[in-house]
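A.B. asks: Here the protein sequences line up with chains L and H, keeping their order. Just so we're aligned, residue 0 is where the first sequence starts under numbering that gives the first Met the number 0, counting upward by one. Just so we're aligned, residue 0 is where the second sequence starts under numbering that gives the first Met the number 0, counting upward by one.
Worth flagging that the hints you see were computed from the coordinates, not collected in a lab. Hints may contain errors.
Derived pair list, reagent style EDC-like, types lysine to aspartate or glutamate, alpha-carbon separation capped at 16 angstroms [claimed, not checked]: (1) L:K51 with H:E185; (2) L:K212 with H:E185; (3) L:K51 with H:D48; (4) H:K26 with L:E67; (5) L:K487 with L:E441; (6) H:K26 with L:E63; (7) H:K26 with L:D61; (8) H:K26 with L:E64; (9) L:K212 with H:D48; (10) L:K217 with H:E185.
The structure displayed is predicted, hence computed values, not measured ones.
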Amino acid sequence: MSSTYLGMPGVPVFGSGNLHTAEPFPVAARRELDNEQLRANLGHATHTIRDKRLRVVAELPDWEELREAGSATKTAVMARLPELLEEFEGNFTARGGIIHWARDAAEANEIVRELIRDAGADEVVKVKSMATQEIGLNEYLEEQGISAFETDLAELIVQLDHDKPSHILVPAIHKNRSQIRDIFLREMPDVDPDLTDTPARLAEAARLHLRRKFLSAKVAISGANFALADTGTLAVVESEGNGRMCLTLPETLITVMGVEKLLPSWTDLEVFMQLLPRSSTGERMNPYTSLWTGVTEGDGPQNVHLVLLDNGRSAALADERGRSALHCIRCSACMNVCPVYERTGGHAYGSTYPGPIGAILSPLLTGITSEENASLPYASSLCGACYDACPVKINIPEILVHLRSEDVQSRRGTKKVPGQMDVAMKAASWVMGSGRRMALVEKALPLGKLAAGPDRKIKKLPGVAAGWTRSRDLPAPPTQSFRDWWAKEHEQTASKEQA
Amino acid sequence: MSARTEILDRLRSALHDAPEAPEIPRKYRHTSGMNEAELIELLRDRLLDYKAGVSVVDEASVPARVAELLAGTASYVVPAGLDARWTALAPGRVVDSPEEPLSVEELDGADAVVTGSAAAVAETGTIILDGSPGQGRRACSLIPDHHVCLVRAGDIYGVLPEAVRRLDVTHPLTWISGPSATSDIELQRVEGVHGPRRLDVVIIRS
C-alpha cells in the first residue's frame with residue numbers, strides 16, 4: 000500500500016548541469032548537417048545496430064509480453080517511488096553500504112569530491128555513467144585537482160579527443176576507426192606507433208593503456224543500470240570488463256544514480272535483463288553484468304557509497320503527461336532508429352541525453368522554459384519509430400506533442416502581444432467555425448496552383464508565411480476542395496437513386 | 000531540511016494526483032521445457048556465437064579436458080573449494096582462499112583461472128558466478144587473461160527467469176556471456192578488451 004501525501008503540489012525544482020543546449024536545435028542541427036563525415040559514420044553505425052536489434056528481438060516469441068511487463072513495472076515504480084527508495088535505503092544500508100542524497104548536480108559533485116578526499120586519492124577510474132555525465136562530474140573534479148579516467152572504450156576515445164559524447168551507449172559513435180586510431184596515436188603516451196585501425200588492435204591499445212590504472216586504483220566511480228528495492232542490490236551492465244575492474248578492485252566504490260532507476264524486486268531483473276541487451280547492443284546478452292549488495296567481506300570494495308540524485312527528476316515526475324520519460328532504461332534504441340538523430344548526430348541536442356528520449360527528458364528535467372531546451376520537442380517528425388523500438392514502451396511522440404503545447408503555453412504567458420501562431424490559429428478558427436466562410440476561402444484554392452511550379456510544389460510563400468517554406472516545400476492545393484467534391488458526388492448519387 | 004527529507008518530500012508532492020501502481024502482467028515465458036541434451040546444445044551454440052570455447056564432457060573426462068585447455072600455462076589460479084580432482088592433471092595450480100588471498104599482482108601474474116559456476120542460461124549463453132566456494136571472489140575470475148569455467152548440466156536453465164528465481168542476489172553476482180568484448184567502434188562487436196580475452200566453458204553431463 001503506497002502512502003498518500005496529503006500536501007499541496009509543490010513548485011517543481013528543476014535540474015542543472017549538462018542538460019542544456021546553448022543554442023536552439025535548428026541552429027546546431029544545421030551546423031552538424033554540414034559535416035559529411037559525421038553523417039556517413041552515423042548512418043553506417045545506426046544501420047548496423049538496427050539490423051542486429053531486429054534480429055535478436057525477432058528471436059523471442061514473448062518480446063511484446065516482456066515489453067508489457069517492463070512498462071507496467073516502471074509505471075508502478077513511479078507511483079511508489081518514495082516508499083521504494085526508503086525500502087532500498089534500508090536494505091543497502093543494512094549490508095554496509097552508505098547512502099547520500101543529492102538535490103542537484105552541484106550537491107552530488109561535492110559529495111563525490113569529499114568521498115574521494117576521505118579515501119586519500121587524487122585520481123579515480125570511472126565506469127561509463129550517464130548520471131555523472133549529466134552532473135558534469137569530470138569537469139568539476141578536474142577543477143578540484145582530481146583526475147578522472149574514463150575506462151569505457153568509447154568514453155576513453157571522447158575523453159582523449161577532448162570531445163563530447165554524442166550517444167548514450169556509444170559516446171564515440173560519430174568517430175570511425177581511422178579517426179579513433181589517429182586520436183590514440185596523438186594522445187596515448189605509450190602507444191605502438193605502428194597501430195592500425197583494425198578494431199581488435201584499437202581495443203588492445205585501450206587494454207594496455209588502462210591496465211596499470213585498473214590494478215592500482217584506490218577509488219572507482221560508477222553509475223548503475225538498476226537498483227533493486229527488496230534486496231538493496233545495484234547492477235551494472237557492460238561489455239568490456241572495465242566495469243568489473245572498477246567495481247571489484249578499488250577499496251572505495253562511489254556510485255551515482257538517478258532516483259528513478261529503482262526496480263521493486265530482484266525478480267524484475269528477469270524482465271529488464273532480457274529487454275536491455277537486445278535493445279541496446281543487439282546482443283542476446285551483454286558480456287558482463289555485475290550485481291552487488293552493500294559490502295561483501297573479502298570480495299571487492301569495502302567502502303561502498305551510493306549518491307541518490309534528484310536533479311530535476313522530481314519535477315519530471317510531477318508532470319503527469321511527461322513522467323513516463325523517467326521509465327527510460329538508457330538502451331539507446333530510440334536514437335538508433337530516429338531519422339532526425341541519424342542525420343544530425345547527438346551533439347545537436349546539446350544535452351547529455353540526445354535523440355528522441357533526450358528531446359523529452361532534457362526539457363522535463365530543466366523545465367521547458369530553460370535556455371534553448373524549448374526547441375528540443377520540435378526535433379522530431381513524430382514518425383513514431385522511437386515508440387515502436389522502446390523496450391519499456393515510452394510513448395515519446397505523445398510526450399513531444401505535450402511538451403510542444405507546454406512551450407506554446409509558456410510563451411503566451413510571457414508575451415503581451417499575440418504571436419504569429421496565435422493570430423494564424425485565431426484566423427483559422429474563425430474561418431473553420433463557419434461552413435459559409437470555409438466555402439468562400441476554398442474558392443481561392445485554384446489560385447494555389449498558379450503559385451506552384453510544374454512540379455506542383457510551392458517553394459516560397461510570401462510575407463510572414465515565408466518561414467514555413469524555408470526548409471520544406473508546400474504541395475500545391477488541389478483544384479477541388481473536399482466539400483466541393485462531396486457536394487457534387489452526393490448530387491450525382493442522389494440523382495442516380497431518383498432515376 | 001536534509002537533502003533526504005527534501006527529495007522525498009518533492010517526490011511525494013510530485014505524485015499529487017496519487018497515480019495507481021498497476022498489476023504487472025507476467026505473461027512472458029517462465030520455463031523452456033527443454034531436456035538436458037537440448038539445454039546443452041543451445042548453451043553451446045550461444046557461447047560459440049560469442050567466440051567462447053565450449054567442451055561437453057562426462058565427469059570422468061573433466062581433468063583431462065581441463066589439462067588440455069591449460070596446456071602451455073605456467074601457472075593458474077583456482078579458488079578454494081574447487082574440486083581438486085578437476086585440476087589434478089594440470090601442473091601450476093595456485094590457490095586463492097579467504098585466509099590467504101592472492102595479491103592483485105599475483106593474480107595478474109597467473110596465466111589462467113579455473114572456476115565452477117552457480118547457474119547458466121542456455122537461451123542467452125550466460126554463465127553466472129555467485130562467489131560460493133569453488134567460484135571465488137570476483138577478482139579471481141577477472142584478472143587472469145584466460146578463464147576456464149566448469150558448468151554442471153544440472154545447473155543449466157532454459158530461460159533467464161528460471162535461473163534468476165534460483166539465485167541469491169545478496170551474494171555478489173557476475174553474469175558472463177562470452178569473453179570480454181566491445182561494440183564501441185562502428186558498433187561492430189570485437190572480442191577481447193579488459194576482462195579475460197579467452198573464455199573456455201566445460202559443460203559436464205549429468
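A.B. asks: Sort out which numbered hints this structure fails and list those numbers smallest first.
C.D. replies: Hints 2, 9 and 10 contradicted; others consistent.
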